[in-house]
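Student: Following the hints, put chains S, H and G with the ligands in place on chain R, whose structure we already have.
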Amino acid sequence: MPMKKFINKPENVVKELLEGYTLAYPDKVRLAGNNLVVRAIPKVMGKVGIVTLGGSGHEPGLSGFVGEGMLDVSVPGEIFAAPGAPRCLEAIRLADRGAGVLFVVLNHAGDVLSANMTMELAKKQGLKVKMILTHEDISSGDRDHPEDRRGLVGFFPVYKVSGAAAEAGASLDEVLAIADRMERNMRTLAVAVKTATHPSTGEAIFTLGDDEMEIGMGQHGEAGTGRMKLKTADKTAEIMLAQLLEDLEVRQGEELLVILNGAGATTLMELFIVFRRVSQILAQKKIKMARSLVGEYITTQEQAGFQMHIARMDPDLLSLWDAPCDTPYFVVR
Amino acid sequence: MPMKKFINKPENVVKELLEGYTLAYPDKVRLAGNNLVVRAIPKVMGKVGIVTLGGSGHEPGLSGFVGEGMLDVSVPGEIFAAPGAPRCLEAIRLADRGAGVLFVVLNHAGDVLSANMTMELAKKQGLKVKMILTHEDISSGDRDHPEDRRGLVGFFPVYKVSGAAAEAGASLDEVLAIADRMERNMRTLAVAVKTATHPSTGEAIFTLGDDEMEIGMGQHGEAGTGRMKLKTADKTAEIMLAQLLEDLEVRQGEELLVILNGAGATTLMELFIVFRRVSQILAQKKIKMARSLVGEYITTQEQAGFQMHIARMDPDLLSLWDAPCDTPYFVVR
Amino acid sequence: MVTTLCIKELLWMMGGAIEKVKCEHKVLSELDSACGDGDHGTTMLRATNQLEKVMTAHQSDNLQGLLSDMGWTVLGIDGGATGPLLGSFFTGMSESVAGKQTLDTEALTAMFEAGLNALKKQTKAQVGDKTLMDALVPAVAALRAGAEANKEILQILREAAAAAQEGAYSTKNLKARFGRAKYLGDRTLGHQDPGATSISLMFQGFYDGLSTKWEL
Amino acid sequence: MVTTLCIKELLWMMGGAIEKVKCEHKVLSELDSACGDGDHGTTMLRATNQLEKVMTAHQSDNLQGLLSDMGWTVLGIDGGATGPLLGSFFTGMSESVAGKQTLDTEALTAMFEAGLNALKKQTKAQVGDKTLMDALVPAVAALRAGAEANKEILQILREAAAAAQEGAYSTKNLKARFGRAKYLGDRTLGHQDPGATSISLMFQGFYDGLSTKWEL
Ligand SMILES: Nc1ncnc2c1ncn2[C@@H]1O[C@H](COP(=O)(O)OP(=O)(O)O)[C@@H](O)[C@H]1O
Ligand SMILES: Nc1ncnc2c1ncn2[C@@H]1O[C@H](COP(=O)(O)OP(=O)(O)O)[C@@H](O)[C@H]1O
Ligand SMILES: [Mg+2]
Ligand SMILES: [Mg+2]
Ligand SMILES: [Mg+2]
Ligand SMILES: [Mg+2]
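Going down the list, the sequences are from chains R, S, H and G.
Be aware that the first sequence starts at 1, since it is given in the working numbering, and climbs by one per residue.
Be aware that the second sequence starts at 334, since it is given in the working numbering, and climbs by one per residue.
Be aware that the third sequence starts at 667, since it is given in the working numbering, and climbs by one per residue.
Be aware that the fourth sequence starts at 883, since it is given in the working numbering, and climbs by one per residue.
So that you can see chain R by itself, here it is in the shape it has in the complex (with noise of 0.2 Å):
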């Protein structure tokens, strides 16, 4: 069966992807160097700028959230495959206006070993850069080896107030002290339902059973360890919701930010449905759901299934969350 993707060549798809991005939004972003996608405007000299990378293959992430607000640069790797050092140095220098960088990277094998390498280079040449690690998926490692939790969509609200303390004026050490507090006050859970097309091979990612579904699956399809009978909408999100209150010890009257981010193929119509369940729940325990989101922020092709995300705010965290933004998928008047 040929793959029914709007492909051309497979081993073109990330640079037609990149051209075809950066032409549908040519006021808010550009391609730069090797690859690299940058603001059209580059920020302010003065302020801190905040690098990613990650691999192509789950758009909108990472490359859709570069813009005033949020990302300086985003260094896009292969499909699914994490960007070489070289490139990742090159979107370092881009964006470095002076005031440091802050690398934002998640917790996946060949990002981190890259990343590494990136912060080795970069401090044999002289620049100014801190790193932080996104590490919120309670499904990968228990709480006492966060170093083993993958990194899932809690980048998104990592870059949204790091950008926002960066755009306000704050230093390195500011903005990385910020990026940590979203940090370790994030927990994220995947399930899926239905596998993806791998864009380079045509073949499905992982295999499941017709009536099955798994909680804690990774992001590009590694298996988690909740392989169960499918459940109702309600059903799913007490069991997730309840994993991730305990794991992040909330307690009531603690106010969070809720986002469910859809894989591909999950609809806005079933994201609502399990939203509400959690919502209920939450009213429920007086836990405050103070800000929410629901759609696609990291994908993973067609797969059908969400992340549910929850993370404990504080007035600080809320504010930058709040502070406008202008990218070409997140933007906040």
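Keep in mind the hints are simulated off the structure, nothing from the lab.
Warning: the hint list may mix true and false statements.
[To be verified] Label-pair ranges, simulated between beta-carbon atoms:
| # | chain 1 | residue 1 | chain 2 | residue 2 | range |
| --- | --- | --- | --- | --- | --- |
| 1 | R | 284 | S | 621 | 47 to 57 Å |
| 2 | R | 333 | S | 537 | 38 to 48 Å |
| 3 | R | 120 | S | 565 | 53 to 63 Å |
| 4 | H | 716 | S | 510 | 32 to 42 Å |
| 5 | R | 280 | H | 724 | 33 to 43 Å |
| 6 | R | 249 | S | 621 | 53 to 63 Å |
| 7 | H | 772 | S | 457 | 29 to 39 Å |
| 8 | S | 540 | G | 999 | 51 to 61 Å |
| 9 | S | 502 | R | 120 | 16 to 26 Å |
| 10 | G | 1048 | S | 571 | 50 to 60 Å |
| 11 | S | 618 | G | 916 | 44 to 54 Å |
| 12 | S | 475 | R | 9 | 32 to 42 Å |
| 13 | H | 821 | S | 457 | 51 to 61 Å |
| 14 | S | 475 | H | 716 | 31 to 41 Å |
[Stated by the list, open to error] Chain G stretches covered by chain R per the calculated footprint, using a threshold of three residues with CB under 8 Å from any CB of chain R:
| # | region |
| --- | --- |
| 15 | 922-929 |
| 16 | 964-975 |
| 17 | 1063-1069 |
C-beta atoms are modelled at their ideal positions from N, C-alpha and C, and glycine is treated no differently.
Tutor: Just chains S, H and G with the ligands, lined up with the frame of chain R:
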């Protein structure tokens, strides 16, 4: 095989999705009356209201665009089914801020029947309301029979420019004139490669061979007339754009808005690759891509495919398009 | 020979129609899958569920009030094309029975004619366009013919049901010119129209509802 | 008895490794599908295509320059976990041959050891963790043993290839503790590690590349 959707009871889907949606965006929208989606903060008195109606199951369309600068009230029907006239009438009453209401109707049999009845009732009750029908799908009727043409993603620019004109204080006749100008200058063509599951029946809404695609597919799987073997992204873009440019009689030097609207399971990655080719062709023909958007504005469950939309813009339409707006699924700063 | 109906008998008729449609709603959705969006049965089920509530709640002897409530109920559901069409059919009927407590064959026929006329204001579809008109127009014509011939009510209703069924069958060989199906053109040949099938089921039900109760 | 290599022979070795990996890239992706994200073969193919270009373009006799270019090339591709690991393997090797024009068995062994040490700076994975280390560590150990025993270069390379292959096979019975696969735990048992398989293929290719050319 069980339906792989996160829902509870099929008959509660619409009620629950609307609850979830409005709970997720409480600062922007809320439910009022008989399941109508209204702005959290109503428009000030003296400005024209914008109302629309349409079946559910197409999220974020149509209720995702209620908010400042776009819609005042949306009347969501059941899954793929137009809402009845009584709720539409209620919506018009709610949206009437003393300057009359523009009622935007997508040309589908059920919606038009309901809308006509609504207009009759509104007239009897002395309400000031004008209706505009969107029918820009070039596959469903030839140019001499525009009344046969279905309304697809073209509702989006119509909401945007009429919403902006209303916000700017234009009269009902002026808002109608702008909506009409937008409508007459736009064209859409859809393509489908994979079917969707109907959330109430659990059945596929159409069938297509493993190596087939269909150009001209309607919003709910109503078949088109261009069933053919799968093509590459570039080839598909060429075929579709050529038909659109011819139908709209676009000439060198003119300025276009281009929207690529994903059907549900088709990735942004693919849409970017298609967009790239559209952009190349327009550049060759010396047609200016004045504005563009790539994303999901109206979906059909997890159907794969997309709608290609073009619209001839003039300075007025461009400035209304660029005006700020703030809705859950479309924000312009 | 039965020649007049009061509200009780009308409720029997309507009840029969509702039962028939509910029983066959899956078939109606299947027919709609072939050339439409596969929801006609779901929509008819939603309509009939609401109609049942209205009928159960109805207390007075007011024929017009009953039919008008029924019409507004159907207009009020999220009914796609069906809601406005069927809804105006009922509201049209209600207007023709203003002030009446009983219906003779002439009044019953006139009532259905009024419904059909109201429906015609909503759509330009004619017999031959592969819509519910293909069942409804011949059914109402059969009522008129029976009334002119002074036939008995049950007999007339049976003939109308037969005409509706005949009309529904005839849609198989037609090309759709209205509704979602019209865009399929030749591909609609060979498929029976779901809307016409609903009408045929309803007329079947009018007869069944009245005859089974009357025989008791 | 062959005891020294110049740049020509090193290019033969590298060419043999590249050929082997290209030929088997589909198998590598299949192995990666079982416990990873199914792209290891694609990534290795991208890496080897780039390496070929670098090798073809390389003109001088500068051993260090060649290996350093190769390392930076691999670091520069979008290589997931493979890029940094394999890239630092090559850059590590390049540093150890600074100033050299030829390599005797000792220098060759030292070169591979330097590559391994550079790689160890990138990851804490040990033998037994089901990664490329399971093939690389025994292969380099075999080189050292052969060099100490004053064996001939081809002989040593053959033994290293055998050790790498043995190591790659051994990963079948291991539980992954690094990379994407680690989250699968017990489910990785029974599957051979793709990265270790690549290393085994490369050592096979080092030997094949050198032996086939030398025999001509
Ligand atoms: N414009 C129209 N005029 C007459 N009948 C129509 C029209 N549009 C649809 N119908 C009838 O409605 C039926 C479809 O109803 P339904 O599936 O409930 O609505 P929808 O098409 O909105 O999903 C068709 O089979 C046809 O008989
Ligand atoms: N942290 C690590 N340490 C050592 N080897 C690793 C590590 N992560 C991955 N590997 C090796 O890389 C291989 C996977 O490579 P590849 O599929 O190219 O990268 P990715 O996992 O980023 O898709 C694994 O089979 C394993 O041998
Ligand atoms: Mg990878
Ligand atoms: Mg419908
Ligand atoms: Mg239908
Ligand atoms: Mg891999």
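Student: Take the hints in turn and mark each one as holding or not.
Tutor: To see whether the hints hold, each was checked on the structure:
Distance hint for residue 284(R) and residue 621(S): a CB-CB separation of about 55 Å, consistent with the stated range 47 to 57 Å. Range check, residue 333(R) to residue 537(S): Cβ separation about 40 Å, and the 38 to 48 Å hint holds. The hint said 53 to 63 Å for the Cβ distance between residue 120(R) and residue 565(S), and at roughly 42 Å that hint is violated. A hinted range of 32 to 42 Å holds for the C-beta pair residue 716(H) and residue 510(S), which are about 40 Å apart.
Against the hinted window of 33 to 43 Å, the Cβ-Cβ separation of residue 280(R) and residue 724(H) comes to about 37 Å, which satisfies the hint. The hint said 53 to 63 Å for the Cβ distance between residue 249(R) and residue 621(S), and at roughly 56 Å that hint holds. Between residue 772(H) and residue 457(S), the C-beta spacing of about 30 Å keeps the proposed range 29 to 39 Å intact. For the pair residue 540(S) and residue 999(G), the supplied restraint of 51 to 61 Å holds, since their beta-carbon distance comes to about 60 Å.
Checking the proposed 16 to 26 Å range against residue 502(S) and residue 120(R) shows it is violated: the Cβ atoms sit about 60 Å from each other. Restraint check, residue 1048(G) to residue 571(S): a C-beta distance of roughly 54 Å satisfies the suggested window 50 to 60 Å. Against the hinted window of 44 to 54 Å, the Cβ-Cβ separation of residue 618(S) and residue 916(G) comes to about 49 Å, which satisfies the hint. For residue 475(S) and residue 9(R), the Cβ-Cβ distance of about 36 Å falls inside the hinted range of 32 to 42 Å, so the restraint holds.
Evaluation of the 51 to 61 Å hint for residue 821(H) and residue 457(S) yields a failure: the beta carbon distance comes to about 40 Å. In this structure the hint that residue 475(S) and residue 716(H) lie 31 to 41 Å apart at CB holds, the actual value being about 40 Å. Residues of the region 922-929 of chain G lying with their CB closer than 8 Å to a CB of chain R number 3, which satisfies the three-residue condition for coverage. For the region 964-975 of chain G, the proposed coverage by chain R is satisfied: 6 residues have a C-beta within less than 8 Å of a C-beta in that chain, meeting the threshold of three.
Counting residues of the region 1063-1069 of chain G whose CB lies closer than 8 Å to any CB of chain R gives 6, so the stated coverage by that chain holds, three being the minimum.
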